[in-house]
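Start from the sequences and build out the full structure, keeping to the hints where you can.
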Amino acid sequence: MSKRLHTHYLGLDLDNPLVPSASPLTATLAGACRLEDAGAGAIVMHSLFEEECSRDHALLHHFLYEQEIGHGEADDYLPVPDSFRTAEEHYLERLAEMKARLQIPVIASFNGVSSRGWAEYARQLAGAGADALELNIYHIAASAQECGAAVEQRYLDVLSEVRQAVPELPLALKLSSRFSSPVHLVAQLQAQGADAVVLFNRFLEPTLDLDTLKIIPQLKLSTADELNERLRWTAIMRAQVGLDIAVTGGVHSAEDVIRTQLVGAQVAQLASVLMQQGESVLGQMKAEMLNWLDDKEYESLDQLRGSVCHANAADPSGWERANYLDTLDLWHP
Amino acid sequence: MARSETRMMDGNEAAATIAHQLNDVIAIYPITPASVMGELADSWSDRGRRNLWGTVPQVIELQSEAGAAGAVHGALQAGAKTCTFTASQGLLLKIPNMFKIAGELTPTVFHVAARSVATHALSIFCDHSDVMAARTTGFALLASGNAQETMDMACIAEMATLEGRVPVLHFFDGFRTSHEITPVQVISSDQLHSLINPRLVQACRERALSPEHPFIRGTSQNPDLFFQSREAANPFYDAFPAIVQNAMDRFAAVTGRQYRLYDYHGAKDAERVIVVMGSAAACVQETVDHLNARGEKVGLLTLRLFRPFAAERLLAALPASVRAIAVLDRTKEPGADGEPLFKDVATAVFEACSEGGWPGEGLPRVLGGRFGLSSKEFTPGMVKAVFERLAQSGGKRQFTVGIDDDVTRLSLRWDSGFRNDAAERQVQAVFYGLGADGTVSANKNSIKIIGGVAGHYAQGHFVYDSKKSGAVTVSHLRFGPEPILSTYEIQDGEADFIGCHQPQFLQRYPMLDKAAEGARVLINTDLSGEAFWRSLPAPVQRTMIDKQLRVSLIDAYQVAAEAGLGKRINTIMQTCFFALTDILPQDEAIAQIKAAVESSYGRRSRRIADMNLAAIDTALTHLVEFRVPEQSDSLIPMHQVEVEEASRFVREVTTELIAGRGDAVPVSRMPVDGTWPSGTASYEKRDLARELPQWEEDLCTHCGKCVFVCPHSVIRSKAFPEEHMKQAPEGFKAVPIKGARDFPEHTLISYQISPDDCTGCTLCVEICPIHDKSNQSRKALNMVPKEAILERERANWRFFSQLSEFDRTALKANTMKGSMLMQPLFEFSGACSGCGETPYIRLLSQLFGDRMLVANATGCSSIYGGNLPTTPWTHNAEGRGPAWNNSLFEDNAEFGLGMRAALDKQSEFARELLQALSDRLDAHLVDELLNAKQGDEAGIEAQRERVARLRERLQGLDDPRAETLGALADKLCRQSVWIVGGDGWAYDIGYGGLDHVLASGRNVNILVLDTEVYSNTGGQTSKATPRGAVAKFSAGGKPVAKKDLARIAMDYEHVYVAHVAYAAKDVQTLHAFQEAESWDGPSLIIAYSPCIAHGFDMADNHEHQRLAVESGHWPLLRHDPRRAEQGENPLKLDSKSPSIPYEAFARTEARFSMLARSNPEAARAFLEQAQQEVSQRYHRYEQLAGLSWEVVAEPKEENEHE
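As given, the protein sequences belong to chains A and B, one line each in that order.
Positions 321 to 653 (this note's numbering) are the ones given, in order, by the first sequence.
Positions 162 to 1363 (this note's numbering) are the ones given, in order, by the second sequence.
One or more hints might be untrue.
What the hints assert, rightly or not - Covered by chain B, according to a simulated footprint, are these stretches of chain A (three or more residues, beta-carbon under 8 Å):
| no. | region |
| --- | --- |
| 1 | 369-382 |
| 2 | 386-394 |
| 3 | 568-580 |
Since the hints were made in silico from the structure, they are not lab data.
The C-beta atom is built at its ideal place from N, Cα and C for all residues, glycine as well.
The following block contains the structure:
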């Protein structure tokens, strides 16, 4: 195995930094196998959504265990199967299957927001063999009563709960970019025991249907334009915090991956590009990355990783406000 | 003696346990109260449970009980050990095959949860009329009295039938035994192996049909030999009692439980004896013990084997001292000189005396008594009354007990205050819960906990509601150190504990009457201290003081909410019950409740388990003792039914039934033929909703959709002259009607709810399409807290109700607004909140209710339509309304066809008479009557006026034909027949009849309320169940596609067919109903009806209908033969091709989605098949609808000369 694309993420040695992120592509064993065969360095499993778990529990509660209506002719309506497996159980089974079949590391993912139940579930994921856990804390701060510090505290509380439950399991937190002081938060997360952050979560952006005036949920695939914000914050954080960083959102080419490495990320997570171009794009990217290393006479990604982060950049102000006016001046109507 | 475990179970489980162990094939069909046996057998086989011989029994659901019996017969003839379960009408449907099975001396056991046979009314409750109807079949009849006996007799029946070849009908009392939970020592497999002779099982196989040793059976015989053949089997019947007794003796040797064909209990020198079968024997037994302990000499003869009747053995079991015998029959044979058991015993005694075989002095008196019909309570006081009757000389030989027969004076008076000793050794507890709050399941759980502790016996009996929404359950629980025999409800003054799980029940039900002196009372309430006391009705306060009740309060809803359990208060109340009673040490009880929670939820849902455990832990910290004041100061009365303007019958009978005092209504007040007034549901005022819809008149466009979807006909619209507003109460809303050109000047419209009849389902708000332009969340209807508007809306409803209906002849019936201004003649039913069926029935009643006869198949619609005390079917101000009857489950189409034939014949006869009398009548009137166009409301109304004029003229004619014509004249007006029922009827049990009626070409309208399962009996699979849906009897997902009834019906090109879903396309539904009614031939409307059995919140009912249509699961279509007559394609597709994946529909309903969790591979395969099917089906329909419909040239006759 060539070591030129090697990276080290969440305590795991990866062949390369190309990590398919939580998406339908990583939801099945077959999909995961295809990604491994195509050259992925690791995979982040499809997220288990808290809503999915809640829906399962509600289904069990409402429609299976508590069906009685008090009528003499029927105590219940739906038979309760012995083998009913909740979303959590299904996820654990899939994880175990992937661990049994794949050589590359498998990072479990949980997408939720409440503080209830993370610890127990993290223990189960660790028990099922997850190499690491990515916590996707998806919180919309929609309350006038909730201040910014309280929002950050949510993340810290969840992390603390899980950290205590699985002291040995590498943990990554997938964050949104909407924090007043992202670096400060990440520093606190590191202090609480986070091993990595994933920058950044992409929010579901609902829209309005003008015919029905209904709110329509939608999730669009990322575009390469989204990468820049991630690069900036990775560059800034890399210089100040020691934990690992994964970039996700907008990584669509080998050049993009190299950019993530230059600013200091350990891995680049991919989804949209895989959905659009298929798993084979991984092999192409690897080849192109090696070509670039050759062209630029780098030995390896390890060599260049972080070389243009905020601390190491020739012009660190480029990652801050300093280039604001210059950029504006470039625009001519 | 082999060991066995003790488990808490009911009689159904006891019977099914043995049946599943000892059979290879089980043929089933659901019927209350026996459905559970089939469900258990099916679920056990689905889980791979093996029978005694190591193979998993094959459980097959048939299309009817008749079908099940046929399958049983076939399976038996082919050599499989086979059984079935049934009750009531189901048993009647099996009778023809039972004659065959018995005639062929084929060993089998039919397990029957005995239930009343429908006569003047259907009843799901217990008596032996079904069993007695089968007593001539040649089956042996073996009775059990409790769950333990049920398990034991199930085994003994199998032993005996294998040995004696006489098939056995094993029966036990519906609900009292089939549903009552008590401790049962389970017969182990080892014990069964030692009891069931494998050689006899093999003998069955050897007698079976086989091409390896062919013969024929089931021949047709002639006068020369049929009679002798029947007599040839006599030795088998002669030997059978001894075989059964021998089986009982062998059973005793293995299990230690000894039974006898005729078990005597009581004084050895008893002079008075009661002979009885079934669960009532236990009540007699404990009363016999009580009376004998006080010096009386009485006894009980429990009869287990009724057929073959072994007279000598029965008489031998009686003490020689007996001077008077009361034979109690739980059945009625009208016109007979006594009921069956009485007749047999009387004959036995008489023959013994006449032949010198009677051991005593002289002929004892033998009296016959009827008791317990349809689960009428049978109490120690009644037993005592029977013994007292035996002590009196003279009087009628026949009596009844348990009712007040003030007509034929047959009933015995009894002391309702009499109590025997049994209660002193028991703790008795009564719980009043809401059907959906988990009270019954918690109590079943408590019973199992207590009964599972060594040295404790327990009994749980549950009384359910006749309603499906807001149902009230009453749980009767007994605990004690000895086996509990009391087979009757806990009586007044007996309960040591009363649990009131809903505070409003205190005002509606006199539950504290049940409390003993000093009893504990636990009330779930959010009030405390003085506020709680002030909320109580005066009689409740007084009872608390007089009986020195110890009252505890808990805000269980708060505890549940804090624990995340929503409104599920069951484990909280259960914890408090154990804390307030000393049946078990508190710590032990709580540990057991927690263990039960772990067992129920722990493996499946940690979260649910944790929530329940948290609730248990915090429950006791919220439990507070309430000190009952010494003085009552309340002025609040108990709830009264308002019937000021009601008929005398309603005031004297209906109100008593609503108030729960029906048991005391005497015979003289009963209709003699099952005829009851309609329009009575409006008296119930069940006050179920916590929030009510409020009309915002400024936004409303008067579209009528809210009225159209309301399942309980609670929201109404009415158009009326503005001048009526002068009398309107303050706050009554009405606005000028939109589309005023269709109405007289100054016409207002109002949308009004009946607040005490609303269930709060929210569907009217959901369907409302109008939003405030400045506030999207505000609609023209919005749910608001009930308290804020209740009194105002009550006054408004009273005013609205007395406003005259708008002239229906002036309404545009084919528009939503116009049709929704028509008065519903189906209102306030007890159907589930959000029911998907009732909007169709209400629509029917609005459009045609004043002129229709309804034939209603047994099922949900017959229950919410005709389950007393009241009926939602009602009438208009002129006294016209739907005339409704329910015949059976299986015959509904034919029942309706009979109605049509009667109407047509009478109409024809009336027309003949009219023509015959025409020269003596106004010729113009006669001509108009004979040639009236009655295609619309105005035409029908004009004909009614002509008929009224005709009747006036006829009164002056001195001709007997005039009187006949007067009686038949209303048949000159258009009257329609609507045949209504569910998919269980239309697709399965009644399909043959339905097909025949469609083929008949007669003018009937058939409405199939398709819930895609047998809803009323608990969601069993029908042929309407879609592929992949999980339902009872299809636990692994239905493996075959739903039957396309519409397409089958369209094959008869003269049938109008429609597929509708009212919330997906309301106007299409409306037009389909009108087109069906107007088509002079058979019409079939198949109506998509979301149901709680689908596994989603019924508040989302409409969205699920839309998804069903958009996914192609439920294409909308109308096939109108009139179009074909005009050379057009008769089929019109009213929905677009599937626009969303089938999965997008299926994943929203637990009936589909649960399979994805239990068997994802199968679920995926089903989904793919279903997707293909719905796509193809739509495509095929599209092709059919696209065919050109030109006239096809007919072949010309060939000219022979050419």
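Numbered hints the structure breaks, given as an ascending list: 3
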